[in-house]
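For this one, chain A is given, so just place chain B with the ligands on it according to the hints.
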Amino acid sequence: MTAPLLEIDRLDIGFGPLSAVRGASLQVRRGETHCLVGESGCGKSVTALAVMGLLARNATRNAVSMRFDGQELMGLDEKAMSRLRGDRMAMIFQEPMTSLNPAYTVGSQMAEVMLRHRGGTRRAALDRAAELLAKVRITSPGMRLGQYPHQLSGGLRQRVMIAMALMCSPELLIADEPTTALDVTVQAQILRLLADLQKDLGLAILLITHDLGVVARTAHHVSVMYAGQVVETAPVADLFANPMHPYTRGLLSCVPVPGKVRPGDPLGSIPGMVPRVEHAFAGCAFRQRCDLARPDCAGTIPRRDFAPGHDYLCQIEPAALVTA
Amino acid sequence: MKTPLIEVRDVGQRFRVNSGLLEKKRQVVAVDGVSLKLMQGDVLGIVGESGCGKSTLARIILGLLPPTTGDVLIDGQDLSKLDRKERARLVQPVFQDPFSSLNPRRLVRDIVALPLHAQGDVTSAEMRKRVDTMLERVGLDPAMGDRFPAQLSGGQRQRVAIARALVLRPRIVVCDEPTSALDVSVQAQILNLLAELRREFGLSYLFISHNLAVIEHVATEVAVMYLGRIVERNDTASLFHAPKHPYTKALLASVLTPEPGLGIPETGLGDAMPDPANVPPGCRFHPRCPVAIERCGREAPAITRVGNGITECHLITSM
Ligand SMILES: Nc1ncnc2c1ncn2[C@@H]1O[C@H](COP(=O)(O)OP(=O)(O)O)[C@@H](O)[C@H]1O
Ligand SMILES: Nc1ncnc2c1ncn2[C@@H]1O[C@H](COP(=O)(O)OP(=O)(O)O)[C@@H](O)[C@H]1O
Ligand code: SF4
Ligand code: SF4
Ligand SMILES: [Mg+2]
Ligand SMILES: [Mg+2]
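Chains as they are written, first to last, in this note's numbering: chain A, 1 to 324; chain B, 1001 to 1319.
It should be emphasised that the hints constitute simulated quantities derived from the structure, not laboratory data.
Beta carbons: idealized from backbone N, C-alpha and C, even for Gly.
Careful, some of the hints might be misleading.
Said to hold, decoys possible - Subject to a maximum C-alpha distance of 25 Å in a straight line, what follows is the list of computed DMTMM-like cross-link-like pairs (lysine to aspartate or glutamate):
| # | chain 1 | residue 1 | chain 2 | residue 2 |
| --- | --- | --- | --- | --- |
| 1 | A | K260 | B | D1083 |
| 2 | A | K260 | B | D1042 |
| 3 | A | K135 | B | E1266 |
| 4 | A | K199 | A | D238 |
Stated by the list, open to error - On the chain A side, residues computed to face chain B include the following (Cβ under 7 Å):
| # | residue |
| --- | --- |
| 5 | D183 |
| 6 | T185 |
| 7 | G213 |
| 8 | P256 |
Stated by the list, open to error - Quick look at which bits of chain A chain B covers, simulated, 3 or more residues with Cβ under 8 Å:
| # | segment |
| --- | --- |
| 9 | 47–53 |
| 10 | 190–199 |
| 11 | 235–241 |
So that you can see chain B by itself, here it is in the shape it has in the complex:
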């Protein structure tokens, strides 16, 4: 058996927050018992509605947030035991908002060089060379290195963020909604660039998006999150063509593909919006589930294997 590049084992993340008026602390269950693996060369897509825990999971895998429970192995090594330098050589982030994720007071060149700098053993001539090469590789004129982020467009800033992520030649890139703030023409440029870089550098991606069409396009494997849990995971073709979980089905049905004449789909979902500070008992999807049965409100469904994937729903039995 090959060692997964990322192995997340039964990870949970709880936050204590003030609930305002009453000043009573409430508990937010952002991630709850998540397990997943990312194999070398794959792109694991994570989809789900806002607040379902995608970014929290990303921060845990990046080592930016120690999980409340469970553990994460990167290339077989316990993430919590790796030092920052080692971690940085293995896994790097690209975040959604290139406006706030780049330090506005630093030159582009210094932003891209930062991970090299943190390693401490690179000469400045070498650093300059590697930064210029990387800027060129992501489609930026090295002369852009002498500008500030504010002087660049959104797409150019996202290219800077990608250059910074790749300058150490990591093995994994965690992309958290990398194109969500961009116009579609720029989104296409960035998605194409990420695909080229993956082939060229042998990268593996954890790719988070709420845009299902983007996920279907980029991912080899997909996990669907709902209220902190992975409710279904499968290879991309199976998940999109034969979804099993009622939530996955509703999510796919809601996508408005650019095909006129199809009208607006009826999702069948109830209005009870998921609240991670108030996770329903039983199956956490039951208040919105169009096919819930009585048992769903009492008992949480167990994880079931289906083909290459898994799902958790009382109505789905192992196949």
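The shape of chain A in the complex, shown without the other chains:
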């Protein structure tokens, strides 16, 4: 197999006493979508921001290594980082106005990205922008170039942001909850668009979401995060067929799936809530909520292999979990 395009090895992120990400590892390959899934506050966004070198100033970041196409990103200076960002790796956010400037037209902000990284003429950059607007299936791209972000609907803005992220043909696209604020019909359109672009351009996509439906339909591989740790990683079909970690199992049982839970019957649910984890924290962060918890869950937790590419972080062995 080819080397992953993005390879994160034991990433830690802290904010003062808070330990937001703890030893998270994951890999994203070219042409593949890797979904990072988990409930709010588990550390998904800060993981993405750490890759892009965009963490807030009060954050501390450590990792054994974090490689992009073989190049070590840890210790890379801001100048080198900003050359990569928007060029070979790009990011899109839940809220398009995070990346769109209300004061400039769509065309001028899209062209700006191109001119900054690749130079060339403004005319050529605008042509490229129009081409990409058409590619993300925006009608009358020429007219859109002259519009301001506020003149567009939410779904259109999201497409403009995707088109802008593609200006320099990035190899890695990080999408942080790109469809969470959209209606289901628009969500389906945007996700299809991303899947088509991936096929055409061989994009590697790191897709962050809390929505298991989005995971099931878009991912090749999945990492489940809980309280700053990746508690389970698996190929998508395997994750849904054989969830191992008790948190993954709980999460899957919470979503109403027609045909699985009879209308009116209680849904599975996880009692309690996500703990706030500080640096000295030891043991499994899920143990207050886990119905399989035992005394040694307060100790060091091993990462266990279940199947090729499928591992999970838990005290309980696969054989015992399968029957649990």
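Just chain B with the ligands, lined up with the frame of chain A:
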């Protein structure tokens, strides 16, 4: 015939808004000729994309917004003639955002007590007892009563909102996206709680959500809204298994169920996003409808009965 708990008759709601630059007033048609009934013990689910008028309809039914046209009967009585106290004993709300719907400067206990307080005839000892009982019933330690909303998690705040809604033992609860701001594990806790409370207190719900899986799970009957109108209504099983209206079909096709291997559906919908300030002539869905015919742009379809339900589309004839 039994009297419906809620009967909405041909209700419309228009807003006049400034259109910005030109300073010309524009008219937003938020709700347009909606009729519906909620029977005792039922859960009427309302689905539709954002801006289709769900919350406006909820506010009308709660008596918070007098409709521009039409009327609402609650348990056979004209809503506009009920006083606030009577209304509060019949129907109570639970809103989406437990962050903004609870007064941050009041203790949880006082928030839950407010509807009792407004009735004016409850002693403070009685009030305390009823608040504690209700907090416990929604799964909160009565000691939480002495905290402020900001000290609670999102799920706990939504439990407070539910306690406040139920403390007067109303007959109807209007839930407007009650779990949309919550994580899935907390959403499941709240949905289970609402189901238990409904059985225990004999409640009926008007349940609004844009999440179709949630609606399928909780509702006994479903109405699909598009640009201010109900375009299809039926019992839940019929609506989900045999949708009739092209919009209902597209909406259901767009749902990403957590089943890997199915890929991302093609919705077939056009890009013309619905704008309530600019409702298309004819069938209001025609600019996006994948099966529109020439007549659709000219003539609005009439309401047609299908089985137990109704829909409005030129391609669907009565069955
Ligand atoms: N700039 C910041 N300062 C302090 N804490 C932060 C900051 N950004 C994120 N956090 C904290 O880090 C944790 C992970 O946050 P985040 O990655 O945004 O979660 P997710 O995206 O999974 O919802 C949370 O507890 C959050 O409060
Ligand atoms: N007070 C108001 N003034 C002007 N327009 C409003 C007002 N309330 C709602 N609207 C508009 O009415 C339409 C329907 O809104 P709403 O009922 O909130 O939809 P939903 O809850 O389905 O998202 C929207 O276009 C909204 O902007
Ligand atoms: S380590 Fe223990 S507490 Fe944690 S998930 Fe496994 S069994 Fe549950
Ligand atoms: S009336 Fe015409 S446009 Fe409207 S839903 Fe039916 S086919 Fe589509
Ligand atoms: Mg986030
Ligand atoms: Mg609403």
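Tested hints:
Our distance criterion of 25 Å between C-alpha atoms is broken by A/K260 and B/D1083, whose separation comes to about 45 Å. At most 25 Å may separate the alpha-carbon atoms for a hinted pair to count; A/K260 and B/D1042 meet this at roughly 22 Å. A threshold of 25 Å between alpha carbons decides the hint, and for A/K135 with B/E1266 the separation of about 17 Å falls inside it, so the pair holds. Restraint check for A/K199 and A/D238: satisfied, since their Cα atoms lie roughly 23 Å apart, inside the 25 Å limit.
At a threshold of 7 Å, the smallest CB-CB gap from A/D183 to chain B is about 4 Å, leaving the interface hint in force. Annotation: A/T185 was flagged as interfacial toward chain B, and the flag holds, the nearest CB pair being 5 Å apart, inside 7 Å. Restraint check, A/G213 versus chain B: the minimum CB separation of about 3 Å is within 7 Å; hint holds. Interface hint at A/P256: satisfied, since its Cβ lies 4 Å from the closest Cβ of chain B, which is below the 7 Å cut-off.
Judged by the Cβ-Cβ criterion of 8 Å, the segment 47–53 of chain A is not covered by chain B as claimed, because only 0 of its residues qualify and three are needed. Under a criterion of three residues with beta carbons nearer than 8 Å to beta carbons of chain B, the stated coverage of the segment 190–199 of chain A is upheld, 3 such residues being counted. Only when three residues or more bring their CB closer than 8 Å to a CB of chain B does the claim for the segment 235–241 of chain A stand; here the count is 4, and the claim holds.
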